[in-house]
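Protein chains: 2
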Amino acid sequence: MPSLSSSQELLIDLDALVGNWQLLRATAPDADCAAVVKANAYGLGAAAVTRALQQAGCRSFFVATAAEALALADVVSAESRIYIFNGLRSTEVDDCRAQGFIPILSTLDQAECWWQANRRDQRILACGIQVDTGMNRLGLELREWDLLRKRYGAADLGASLIMSHLACSEEQNNPLNALQLKRFLDIVAAARSWAPGIEASFANSGGVMLGADYHFDQVRPGIALYGGNPETRRPNRFSSVVHLRLPILQLRRVGADGSVGYGALTPVKSGAMLATVQGGYADGLLISQSGQGFGEVAGIRVPMVGRISMDLTVFDVSAVPDAVWENQDRYIEVLNRNLTIDEMAAAAKTISYEVLTRLGQRFGRRYHSEAATSNYDESEYEH
Amino acid sequence: MPSLSSSQELLIDLDALVGNWQLLRATAPDADCAAVVKANAYGLGAAAVTRALQQAGCRSFFVATAAEALALADVVSAESRIYIFNGLRSTEVDDCRAQGFIPILSTLDQAECWWQANRRDQRILACGIQVDTGMNRLGLELREWDLLRKRYGAADLGASLIMSHLACSEEQNNPLNALQLKRFLDIVAAARSWAPGIEASFANSGGVMLGADYHFDQVRPGIALYGGNPETRRPNRFSSVVHLRLPILQLRRVGADGSVGYGALTPVKSGAMLATVQGGYADGLLISQSGQGFGEVAGIRVPMVGRISMDLTVFDVSAVPDAVWENQDRYIEVLNRNLTIDEMAAAAKTISYEVLTRLGQRFGRRYHSEAATSNYDESEYEH
Numbered sequence: 001m002p003s004l005s006s007s008q009e010l011l012i013d014l015d016a017l018v019g020n021w022q023l024l025r026a027t028a029p030d031a032d033c034a035a036v037v038k039a040n041a042y043g044l045g046a047a048a049v050t051r052a053l054q055q056a057g058c059r060s061f062f063v064a065t066a067a068e069a070l071a072l073a074d075v076v077s078a079e080s081r082i083y084i085f086n087g088l089r090s091t092e093v094d095d096c097r098a099q100g101f102i103p104i105l106s107t108l109d110q111a112e113c114w115w116q117a118n119r120r121d122q123r124i125l126a127c128g129i130q131v132d133t134g135m136n137r138l139g140l141e142l143r144e145w146d147l148l149r150k151r152y153g154a155a156d157l158g159a160s161l162i163m164s165h166l167a168c169s170e171e172q173n174n175p176l177n178a179l180q181l182k183r184f185l186d187i188v189a190a191a192r193s194w195a196p197g198i199e200a201s202f203a204n205s206g207g208v209m210l211g212a213d214y215h216f217d218q219v220r221p222g223i224a225l226y227g228g229n230p231e232t233r234r235p236n237r238f239s240s241v242v243h244l245r246l247p248i249l250q251l252r253r254v255g256a257d258g259s260v261g262y263g264a265l266t267p268v269k270s271g272a273m274l275a276t277v278q279g280g281y282a283d284g285l286l287i288s289q290s291g292q293g294f295g296e297v298a299g300i301r302v303p304m305v306g307r308i309s310m311d312l313t314v315f316d317v318s319a320v321p322d323a324v325w326e327n328q329d330r331y332i333e334v335l336n337r338n339l340t341i342d343e344m345a346a347a348a349k350t351i352s353y354e355v356l357t358r359l360g361q362r363f364g365r366r367y368h369s370e371a372a373t374s375n376y377d378e379s380e381y382e383h
Numbered sequence: 001m002p003s004l005s006s007s008q009e010l011l012i013d014l015d016a017l018v019g020n021w022q023l024l025r026a027t028a029p030d031a032d033c034a035a036v037v038k039a040n041a042y043g044l045g046a047a048a049v050t051r052a053l054q055q056a057g058c059r060s061f062f063v064a065t066a067a068e069a070l071a072l073a074d075v076v077s078a079e080s081r082i083y084i085f086n087g088l089r090s091t092e093v094d095d096c097r098a099q100g101f102i103p104i105l106s107t108l109d110q111a112e113c114w115w116q117a118n119r120r121d122q123r124i125l126a127c128g129i130q131v132d133t134g135m136n137r138l139g140l141e142l143r144e145w146d147l148l149r150k151r152y153g154a155a156d157l158g159a160s161l162i163m164s165h166l167a168c169s170e171e172q173n174n175p176l177n178a179l180q181l182k183r184f185l186d187i188v189a190a191a192r193s194w195a196p197g198i199e200a201s202f203a204n205s206g207g208v209m210l211g212a213d214y215h216f217d218q219v220r221p222g223i224a225l226y227g228g229n230p231e232t233r234r235p236n237r238f239s240s241v242v243h244l245r246l247p248i249l250q251l252r253r254v255g256a257d258g259s260v261g262y263g264a265l266t267p268v269k270s271g272a273m274l275a276t277v278q279g280g281y282a283d284g285l286l287i288s289q290s291g292q293g294f295g296e297v298a299g300i301r302v303p304m305v306g307r308i309s310m311d312l313t314v315f316d317v318s319a320v321p322d323a324v325w326e327n328q329d330r331y332i333e334v335l336n337r338n339l340t341i342d343e344m345a346a347a348a349k350t351i352s353y354e355v356l357t358r359l360g361q362r363f364g365r366r367y368h369s370e371a372a373t374s375n376y377d378e379s380e381y382e383h
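Residue numbers (the working numbering), protein chains in the order written: chain D, 1 to 383; chain S, 1 to 383.
For identical chains, the list gives no copy identity; a pair is met inside one copy or between any two copies.
Here are the simulated DSS-like cross-link-like pairs (lysine-lysine), alpha carbons at most 30 Å apart as the crow flies:
#1 Lys269 with Lys349
#2 Lys269 with Lys182
#3 Lys182 with Lys150
#4 Lys150 with Lys269
These are calculated hints, taken from the structure and not from any lab test.
Model the full structure from these sequences, guided by the hints.
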C-alpha cells in the first residue's frame, strides 16, 4: 500500500493498474489486449496511464476524440497504435493521417472521407469500422454496412479492424449479449470475405469476462483497468487503483442540537463530533451521495452528513476515539481499498465510470509504482 | 445573442455575467459587491471571469483555497482583494502573506497561526473571521468566537472582516434565515466593539435577494453571477451565461424496434430518428439526467434517450423536419437561454451549481463580450 504524502491528493497506483491489465490479458490470452484511455484515462491522466501500460506490453490504445489522440502522440512508441472511437470530422483528417491514428468510422460519410483521403494521398492508411449490433448509439446500421462493402474495396479503404459494442456486458445473463454476439459473428464473416486478415474487436471489460466466444482478435477493456467491477453479480477480481484523502479543515463538537449544511436537512445532536474536509462536488464528490457516502479515519468508517457543498464535505466522526486525532495528520480517506469506486457509485446512485471521470482538477495526481525506478507527480508528467 | 463558431464549444457570455453582477450591486447599493470565483469560477474560468468583473468595477474576489488565490495573483489589480474562504494551512501562510491574500479564519488554530505570523514579521496583515450561525459546516462556534476576542487584540490579529454563511437563503420563507440573521447581528455587535471599523459580510446570492437587512458592508454572490436562480420560488431575474452545443456524430433512422444505449433500458420504435452527439458524462452531462434532459435543434426541443455514455449522448430528433438538417451545421444545443442550468439541474435531480462545476475539460471555453474590444478563447487566456 503506497503512502499518501501531502493532503488533498489523488494517488494512482500504477502497479494495480498494470496488474489489472495483466489479469485481463490472461483472461483473453489469444487476443491483443488493448486499453481504453479516453476521457483522460477516465480522469486519472492519460499520459501516465498509457506510459505505464505500454511499459507492461500494451500496444493498442483507444481514445474518444482526435484531440485526445493528439495529446498522446508523443507518449506512445512507434509500435503502438491509437484508435479513435468517435471517428473523425472532416477538419481532423489531415492531422490524424499525419500522426497515423486509426479512426473508427461509424457513418458512410466518414468512410467516403477516408477513402478520398487515401486516394488523394496515394497512400492507404488504416481505419476501423464500427457496426451497430443493438445499442443504437454509434455505428453503421446493417444496411449501411452492406452498402459500404459494395461501394469500397477493403484495400482502398484501409479497413484493418471491424468492431461493435456490447450494451449489457456487465450482466452475464442478459440475453442481449448472445443476440449481439450472433449479429457480430455474421458481420465478422462478411468482413473477412471482403477483407481477408481484418481483425475483429467486440469485448469491453465486461465482454472479456463473458468468455472466449466474445474475445475475437482484440479485446479493449476500460473500467476494469481502473479497478471497477465489470461483473455486477460477482465479487470484484480487480484491484483498486485510486486512493483519495481529504484534509480536515475543522473538527467540532456540536454544542446544541441543530442541523448541518445547506438546506439544513440533516439534524445533528449535541455532543456529536463533526469533521469538515476540503473537497466537495466541484472535486467530484457527487451531491447525490450526500448522507449516503462514507469516509475512513484510521480504519474506522465515518458517514457523510448534510448536503455536500462545492468545496466542503462534513463527516460525523463521533465514532473515532480522540486519541486517533493526536496520532496522525488530520484527514479523511474517501477512496481506498476498502472504500471502492463501486461503493461510492452505489451511494451516489450512479456507476463507477462517472465517479472516476468526475474526480476534479483541484486534486494533485500522484503516480506510484514500486516497480518503476522512480515515482512522479503530474507536474513532471502531464502538460 | 453571441454566435457559436466551432463545435463542442462552451461559450461564456461575459456581458451577461457583468449584467448579473450589476443587478446584484444595484440590489445591495450600500454594500461592496464582491464576486465568488472559487472552483475556477464555478467551472467557467476564474481568470476570464475575474478580469471581466474587475473591468466592470468589482474589487473583491472570493476563492476556496490558497492554490486558487495564487492562480489569480497576476489577474487582479493592486486595488483588488482576494479572500480565501477555507482559510489557510500552516504550510500556505508565507505564500499567502507575500501576495496579500486575506484568509478567512475558521478555527482558533488558524487564528493563532496568523497572529504569530503578524508578530514574527512585525507586519499586521488583514484576515477575515468566519463564525458559524447555524450551518455547522465551517466557522468558529460562539464560545470559540468569545475566546478569540479574549485572546487576541483585533489590531494584532489584523481582523478586517467578520462573516457567516446562510444555509437556506434561496428559500425566502425559511425561518432559519431570520434565526441566523439574529445571531449574526449579535456577532457583528461584538465584533465592532472589539474591532471598530471591521466590515461584516453575510449574504450569498440568495442573501442579496432577502433584502437590505442581510446586506451589511459586503455581499458576496456566486451562483447568480453565472445565471443560476437564487430564489427558488420566483422567476429568475438573472441572465444565462453559459451556452453549450455538441456536434452530431451520427443521425440514424431506426430500422426496427429496439433499445438505446447501455443497459438497453430505453425502447425505440422503428422509424424514430436518433442523433448521437459527442459529449457525455465525462463532459459533465450528468448520468442522472438520462431520459430526463432536453436539447434544442433550430428551436425545437428534443429529448435525451437512453443512458448517457461517457463520451456520447443520444437524442430523439424525430420532431425535427428533415429540411432543418440541410440548412445548418449538425449540432444540438444543450444549454442556452431556453435550456437553463436550473432546468438541466432539475432533470438531473441536483442543483445548478453542480451542473456548472462539472462542465468538462474537453470543451473549449470561448469568452464573448460585445463591450470588450476583442474576444478570446482560453488558449490566449488561461494557462
